[in-house]
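Undergrad: For chain A, the structure is supplied; the task is to place chains B and C with the ligands on it using the hints.
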Amino acid sequence: MARRNRMSMTFDSRSENVGIARVAAAAFSAQIEFTLPEIEEIKVAISEAVSNAVIHGYSDQEGQIELAMELYETHLEYTVIDWGKGIADVEQARQPAWSTEPERMGLGFVFMESFMDEIEVTSALGKGTTVRMVKKFDAVPIH
Amino acid sequence: MARRNRMSMTFDSRSENVGIARVAAAAFSAQIEFTLPEIEEIKVAISEAVSNAVIHGYSDQEGQIELAMELYETHLEYTVIDWGKGIADVEQARQPAWSTEPERMGLGFVFMESFMDEIEVTSALGKGTTVRMVKKFDAVPIH
Amino acid sequence: IGEIRRFIRDDNPIKVSRSTKELALKIHRTQEKLQGSLGREPTVGEIAEGLLLPVQEVVAALEAVQPTTSIYAQSTR
Ligand SMILES: Nc1ncnc2c1ncn2[C@@H]1O[C@H](COP(=O)(O)OP(=O)(O)O)[C@@H](O)[C@H]1O
Ligand SMILES: Nc1ncnc2c1ncn2[C@@H]1O[C@H](COP(=O)(O)OP(=O)(O)O)[C@@H](O)[C@H]1O
Ligand SMILES: [Mg+2]
Ligand SMILES: [Mg+2]
Chain A
1 MARRNRMSMT
11 FDSRSENVGI
21 ARVAAAAFSA
31 QIEFTLPEIE
41 EIKVAISEAV
51 SNAVIHGYSD
61 QEGQIELAME
71 LYETHLEYTV
81 IDWGKGIADV
91 EQARQPAWST
101 EPERMGLGFV
111 FMESFMDEIE
121 VTSALGKGTT
131 VRMVKKFDAV
141 PIH
Chain B
1 MARRNRMSMT
11 FDSRSENVGI
21 ARVAAAAFSA
31 QIEFTLPEIE
41 EIKVAISEAV
51 SNAVIHGYSD
61 QEGQIELAME
71 LYETHLEYTV
81 IDWGKGIADV
91 EQARQPAWST
101 EPERMGLGFV
111 FMESFMDEIE
121 VTSALGKGTT
131 VRMVKKFDAV
141 PIH
Chain C
1 IGEIRRFIRD
11 DNPIKVSRST
21 KELALKIHRT
31 QEKLQGSLGR
41 EPTVGEIAEG
51 LLLPVQEVVA
61 ALEAVQPTTS
71 IYAQSTR
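Residue numbers (our numbering), protein chains in the order written: chain A, 1 to 143; chain B, 1 to 143; chain C, 1 to 77.
Simulated from the structure, these hints should not be mistaken for lab results.
Among these hints, one or two may not hold up.
Calculated pairs, BS3-like style, for lysine-lysine (alpha carbon to alpha carbon, straight line, at most 30 angstroms) [unchecked claim]:
(1) A:Lys127 x A:Lys85
(2) C:Lys21 x B:Lys43
(3) B:Lys43 x C:Lys26
(4) C:Lys33 x C:Lys21
(5) A:Lys136 x C:Lys26
(6) C:Lys21 x B:Lys136
(7) A:Lys135 x C:Lys33
(8) B:Lys43 x B:Lys127
(9) B:Lys85 x B:Lys135
Residues of chain C placed beyond 12 angstroms of chain B at every Cβ, according to the derived structure [said to hold, decoys possible]:
(10) Gln35
(11) Leu38
(12) Glu41
Computed from a prediction, not measured in an experiment: that's the story for all the values here.
Idealized CB from N, CA, C, for every residue including glycine.
The following block holds chain A by itself, in its conformation from the complex (with noise of 0.2 angstroms):
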């Protein structure tokens, strides 16, 4: 399957860059016939696997995130990846309200997972974590 259009971002590890990269993916995000409240549901899945980079991956330490995008013919492929500490268990991250923190909700990978068609989580510990999710759609007009 061809690709069409690909940026990606690398960015320190701080909240203020949450917002930045939202901006970007709804830019990207806009190549295609989405209409508002489709591309709000985008904004809400980068940001809870952004924010989870920057709030777990690195504790608000130091460090490095990628937000990677890719336009293909029928669906747009987002990548975050972090090198922070990693999940210990993954398929237990992901259900719902289950946070390590306690005065958290526990439900980013919910919402990642309701918004977008396909969420695919690798994780080591020590080592870092990818969240690849997977949006698509039909038309295929692009700007």
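TA: Frame of chain A, contents of chains B and C with the ligands only:
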């Protein structure tokens, strides 16, 4: 001088990506309390540098473009890099109304110069071009 | 929810200039108007066309009036 934040993005040389880079640069710059006209100016300077990379650097052929953005205590630094055909005579290229393409206005560098506080262009034929731009600010309020 | 919203707004670190808010309002009005005439949710392209703006500027303007991090993440604090 301590660096406070950094984001770099790498993308295919496609005209669609000029607009995406533009809004990402605006979002990164909005960490500083610029006025809207100031943000507009930064967006124009970034667009000119990135579209030069697309149009002249790669002449609409495939290639990669990098936009790196760094926030320091009293200035922002934007670097646009392409690995395209390069500029034979940088001094001449920066002259107002000078363009290698008859239908173009040759004002890109003029805009970059007037909207940024510093601009540095390094280029080598067949190797590519790097445009580094600095925008200063007085206050240090960071969001 | 009202409480959370107010908290987010008060705590929102991004100073949104009035014109950005006005643009966001205009985008939402165009969205509603098109929804009425088309009988379905308009696409970003249709909204952008109505406003003579690039699609990227439309989605970026909407982001600028929102808090930086996810409301889901913030509402737990
Ligand atoms: N990038 C990551 N690095 C390390 N741990 C992560 C990462 N993303 C998620 N986790 C773990 O998965 C759990 C569930 O994530 P999530 O569903 O987003 O809920 P929450 O962020 O509210 O805790 C987190 O509490 C954390 O332990
Ligand atoms: N990234 C680049 N790669 C190769 N040539 C460039 C690049 N940027 C600028 N140039 C050269 O410099 C000239 C002047 O650029 P500019 O002031 O933006 O005017 P214009 O784009 O209208 O030609 C261009 O016509 C081109 O020959
Ligand atoms: Mg989370
Ligand atoms: Mg130019």
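Undergrad: The structure should be examined with respect to each hint, and the outcome stated for every one.
TA: Results for each hint:
no.	hint	verdict
1	A:Lys127 x A:Lys85	holds (6 angstroms)
2	C:Lys21 x B:Lys43	holds (19 angstroms)
3	B:Lys43 x C:Lys26	holds (21 angstroms)
4	C:Lys33 x C:Lys21	holds (18 angstroms)
5	A:Lys136 x C:Lys26	holds (29 angstroms)
6	C:Lys21 x B:Lys136	holds (26 angstroms)
7	A:Lys135 x C:Lys33	holds (27 angstroms)
8	B:Lys43 x B:Lys127	holds (26 angstroms)
9	B:Lys85 x B:Lys135	holds (27 angstroms)
10	Gln35	holds (24 angstroms)
11	Leu38	holds (25 angstroms)
12	Glu41	holds (22 angstroms)
Hint violations for this structure: none, all hints satisfied.
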